[in-house]
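Based on the provided sequences and hints, a complete structural model is requested.
Just so you know, the sequences run in chain order Y and L. So the first sequence is numbered by our numbering: it starts at 2 and just counts up by one. So the second sequence is numbered by our numbering: it starts at 12 and just counts up by one.
Please keep in mind that the hints were generated in silico from the structure rather than gathered at the bench. Check each hint, because a few of them may be wrong.
Unchecked claim - Derived CB-CB ranges, DEER-like:
| id | chain 1 | residue 1 | chain 2 | residue 2 | range |
| --- | --- | --- | --- | --- | --- |
| 1 | Y | Ala153 | L | Gly248 | 49 to 59 Å |
| 2 | Y | Lys15 | L | Pro338 | 31 to 41 Å |
| 3 | L | Lys332 | Y | Thr146 | 42 to 52 Å |
| 4 | Y | Gly149 | L | Lys164 | 43 to 53 Å |
| 5 | Y | Asp399 | L | Lys391 | 48 to 58 Å |
| 6 | Y | Thr146 | L | Gly329 | 30 to 40 Å |
| 7 | Y | Asp148 | L | Gly423 | 14 to 24 Å |
On a predicted model such as this, the values are computed, not experimentally measured, just so you know. Glycine included, each C-beta is placed from N, C-alpha and C at the ideal position.
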Amino acid sequence: MDLFIFFSEILGRKVIDQDNVCIGTLSDIGMNLGKDVYPKSTYLVVKRGFWGKRFAQVSWDKVKELNKVIKISGDISEIQYQKQRPVYELTLCLDVLDQQVVDMDDQKVVRVNDVSFLKVDNYLYMAHVDVGTRGLVRRLGWSQTIDGMVKAFFPKSEYLTKEDFIPWKNTQVLTLGRTKNVLRLNIAKQKLSQIPSAELAEIMEDLDIFEKYSLFKSLESSVQLKVFSDLSTPEQEEIVDQMSDQEAGKLLENIPSDDAVDLLLNLPKEKISTLMRVMGTKKSKKLRELLDFERDSAGGLMTTEYLFLPKNALVKDAMKKIQDNVESSANIYHIYIIDDQHKLLGTTSLRNFINEDSWTPILDTCYPKKVFVRTDDGMEEIALLLEKYKFSVVPVLDEQDILKGVITIDDVLEELISIAWGKYKEKL
Amino acid sequence: MQFVEKIKNLKFVRNFLLFLAIMGPGIITSNVDNDAGGIATYSLAGAHFGYTLLWSLIPITLALIVIQEMCARMAVATGKGLADLIRENFGVKITFHLMWILLVVNLLNVMAEFAGVAASLEIFNINKFFTVPLAALFVWTLVVKGTYKTVEKIFLTACLFYVTYIFSGFIAKPEWTEVFRQTIRPEITFDLKYSVMLVGIIGTTIAPWMQFYLQSSIVDKGISIEQYKHVRMDVVGGSILAPIVAFFIVVACAATLFKAGITIESAKDAAVALEPLAGKYAKILFSFGLFNASIFAASVLPLSTAYCICEGMGWNAGVDKRFEEAPEFFGLYTALIAIGAGVVLIPNFPLLKIMYFSQVGNGILLPFILIFMLILINDKSLMGEFTNNRVLNIFTWLTVIVIIALTLLMVGFSVFCPNQFI
Numbered sequence: 002m003d004l005f006i007f008f009s010e011i012l013g014r015k016v017i018d019q020d021n022v023c024i025g026t027l028s029d030i031g032m033n034l035g036k037d038v039y040p041k042s043t044y045l046v047v048k049r050g051f052w053g054k055r056f057a058q059v060s061w062d063k064v065k066e067l068n069k070v071i072k073i074s075g076d077i078s079e080i081q082y083q084k085q086r087p088v089y090e091l092t093l094c095l096d097v098l099d100q101q102v103v104d105m106d107d108q109k110v111v112r113v114n115d116v117s118f119l120k121v122d123n124y125l126y127m128a129h130v131d132v133g134t135r136g137l138v139r140r141l142g143w144s145q146t147i148d149g150m151v152k153a154f155f156p157k158s159e160y161l162t163k164e165d166f167i168p169w170k171n172t173q174v175l176t177l178g179r180t181k182n183v184l185r186l187n188i189a190k191q192k193l194s195q196i197p198s199a200e201l202a203e204i205m206e207d208l209d210i211f212e213k214y215s216l217f218k219s220l221e222s223s224v225q226l227k228v229f230s231d232l233s234t235p236e237q238e239e240i241v242d243q244m245s246d247q248e249a250g251k252l253l254e255n256i257p258s259d260d261a262v263d264l265l266l267n268l269p270k271e272k273i274s275t276l277m278r279v280m281g282t283k284k285s286k287k288l289r290e291l292l293d294f295e296r297d298s299a300g301g302l303m304t305t306e307y308l309f310l311p312k313n314a315l316v317k318d319a320m321k322k323i324q325d326n327v328e329s330s331a332n333i334y335h336i337y338i339i340d341d342q343h344k345l346l347g348t349t350s351l352r353n354f355i356n357e358d359s360w361t362p363i364l365d366t367c368y369p370k371k372v373f374v375r376t377d378d379g380m381e382e383i384a385l386l387l388e389k390y391k392f393s394v395v396p397v398l399d400e401q402d403i404l405k406g407v408i409t410i411d412d413v414l415e416e417l418i419s420i421a422w423g424k425y426k427e428k429l
Numbered sequence: 012m013q014f015v016e017k018i019k020n021l022k023f024v025r026n027f028l029l030f031l032a033i034m035g036p037g038i039i040t041s042n043v044d045n046d047a048g049g050i051a052t053y054s055l056a057g058a059h060f061g062y063t064l065l066w067s068l069i070p071i072t073l074a075l076i077v078i079q080e081m082c083a084r085m086a087v088a089t090g091k092g093l094a095d096l097i098r099e100n101f102g103v104k105i106t107f108h109l110m111w112i113l114l115v116v117n118l119l120n121v122m123a124e125f126a127g128v129a130a131s132l133e134i135f136n137i138n139k140f141f142t143v144p145l146a147a148l149f150v151w152t153l154v155v156k157g158t159y160k161t162v163e164k165i166f167l168t169a170c171l172f173y174v175t176y177i178f179s180g181f182i183a184k185p186e187w188t189e190v191f192r193q194t195i196r197p198e199i200t201f202d203l204k205y206s207v208m209l210v211g212i213i214g215t216t217i218a219p220w221m222q223f224y225l226q227s228s229i230v231d232k233g234i235s236i237e238q239y240k241h242v243r244m245d246v247v248g249g250s251i252l253a254p255i256v257a258f259f260i261v262v263a264c265a266a267t268l269f270k271a272g273i274t275i276e277s278a279k280d281a282a283v284a285l286e287p288l289a290g291k292y293a294k295i296l297f298s299f300g301l302f303n304a305s306i307f308a309a310s311v312l313p314l315s316t317a318y319c320i321c322e323g324m325g326w327n328a329g330v331d332k333r334f335e336e337a338p339e340f341f342g343l344y345t346a347l348i349a350i351g352a353g354v355v356l357i358p359n360f361p362l363l364k365i366m367y368f369s370q371v372g373n374g375i376l377l378p379f380i381l382i383f384m385l386i387l388i389n390d391k392s393l394m395g396e397f398t399n400n401r402v403l404n405i406f407t408w409l410t411v412i413v414i415i416a417l418t419l420l421m422v423g424f425s426v427f428c429p430n431q432f433i
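And the structure:
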């Protein structure tokens, strides 16, 4: 007996009860996701009749034999037929077979032609999805004919040996359309949460906008934020375009403000003001301010998310501040000390105070020299400054020395790379 | 500047600008529908039956609107092409058979388009061994080297050239009172020839490939649900424009050829026969229109066919991919053009028969596709709140049943009395 079995081979097989009375044919399999890597078959869906189709669900525990026919324990009288087709956590024909899935390894979208199961004690475990031509031919029921023909004419053909399988654990079912279907979201969330956000963003690059959006929507909101920040600005725009204003506003509220500004700059004025309206007032005020700065000046590059403390704070306050902000997307290794008017007094970093006594005033741990840039400083000045002091982050002050925000090295790098890339392209 | 801003912010202007951005798929699809075969059919209708068939364009317009709107709605609501939806909901077997029939039928259609290119330029004494390979090369490079946006712009420009038929309609100097009388209060006769022509007009106006093309191109444009009303305007606009062009073709031929009692066999005959009756310009406009229509359709058809077959079979597709990434797609696309254009160059190739078979093929395929569409669009789990409502459902089922009956009639006609047919 084979260890592996194809869905197309058992689909449509006769199902009989203990007295060999025909119950119907196998029309679908319901699976439980559970904690295992491979989902396990939990229900048979049996179909009877052609015009007045009736469906019945049978627990997989009753399966006694799984061969040319499927034999179950119990009697036909125990089976209840209904008009409605049953739906499960994972219903193979509805959710997997013939649907599009994302192949996480090769990062492309493919269509499932067949499913291959691992068969253990009459239970089926979903091991692979088949996306190759052989699967297609098998589904059409032409395996023997085509195999025979290929063998006769091209005995060395790749077709005979090459299987296009994707392991189920590397497969992501795309949530269909916009109106369907909450169940799939759960599958998606579990599996997607294990993939680093930068990789998810890369996968999304290769999808078209609908696929992109449905994949995006199936992410948990915290993962959504991370992935969104990793997307390129045009892609972010596409996503925001598909969202309702409420959703978009909420998203903008939660991503770092420099990313939000980049995105907003590319939107039509009208859309900006609608989005501002649905956002919280605090955030929208901040964004409005940032929007007024030149794009590649310090003011345009900076983010307004940073940690700060009043001048009389102690080292223990600083530690607490960092602990409270572990979850945030901001740079948490630097803390800025400000006076009552929000003027910058000094900068300190975790490295400076981690070994200090918790009652030491935080001002004592600051860097001796105040390094900063002004809001209207250009990109080059910022880049040179960061390089000179080997800083990864620098505060931005306005004319009155008031702290407006900070620039992190990755914001500068991003701009520089796009400039360098442009120059490189010109050369070509 | 402030003034310009103010105008831009007017609701009407804003809506119009949005519409311009979204416009394209509907108008292009409907216009491609007036392809070489379509123009031939309308010319014949005008030349042999005068104005008496004009009335049929009104119900055709309504049917076009109803069917195309469903495609557009499915595209926006599901974000998937028609072939995708059929595969996902009806399984691989049905899809496979549908796809190979579609491939054959569309290949015949592509042949007809290249034949149209050859015929239209032969009127100007340009040899087809020169024009057809050039046209094939042009079509191939246009799509493979172009981006969606530039291709769409070229297509929209091609739509503009259909105006030539409106001009030829006016140049032919028809009796407008008669034209309107026949449109609104037609004198319908029901002899065999008339019925065959009537069915032919309907068959050529609503073709299976259109549904696939329209839905995919709306999906490709990434149009969101909020923009749906603009899509609908685009689709309805296109569905009205195309029959208007057809109207003027019929009028041009009726006012000249029918009056003079000339019988013709093809659109090329019509163009040539126009010269002594309506002047040189009428001929030039008419044949240029035919050229434009043929090459336009020859660009759209192979692409749309390759796309939807790859969609249905789950192969990679897209003009922005490399050959190794999507070998099936580029293979199909290139083969369709190469065979379609190559066949036209074979001496004594029975082109009229090809055109006729392509019509029959369209007719056989259409009922299946329309029924699939109706099942899909009423699927709540797929369409959500975008399913048909009851009134619309009754209307669409009626439309679909009438179209199916008529196309079956056409298939019947063409099988049992092929001589009556073109």
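Results for each hint:
1. A C-beta distance of roughly 56 Å is found between alanine 153 of chain Y and glycine 248 of chain L, which places it inside the suggested range of 49 to 59 Å.
2. Between lysine 15 of chain Y and proline 338 of chain L the CB atoms are about 40 Å apart, so this pair conforms to the stated range of 31 to 41 Å.
3. Distance hint for lysine 332 of chain L and threonine 146 of chain Y: a CB-CB separation of about 31 Å, inconsistent with the stated range 42 to 52 Å.
4. Judged by the Cβ atoms, the range 43 to 53 Å given for glycine 149 of chain Y and lysine 164 of chain L holds: they are separated by roughly 50 Å.
5. Hint check: aspartate 399 of chain Y to lysine 391 of chain L, Cβ distance near 57 Å, so the stated range 48 to 58 Å holds.
6. For threonine 146 of chain Y paired with glycine 329 of chain L, a C-beta distance near 32 Å keeps the hint of 30 to 40 Å intact.
7. For aspartate 148 of chain Y and glycine 423 of chain L, the Cβ-Cβ distance of about 41 Å falls outside the hinted range of 14 to 24 Å, so the restraint is violated.
Hint violations for this structure: numbers 3 and 7, all remaining hints satisfied.
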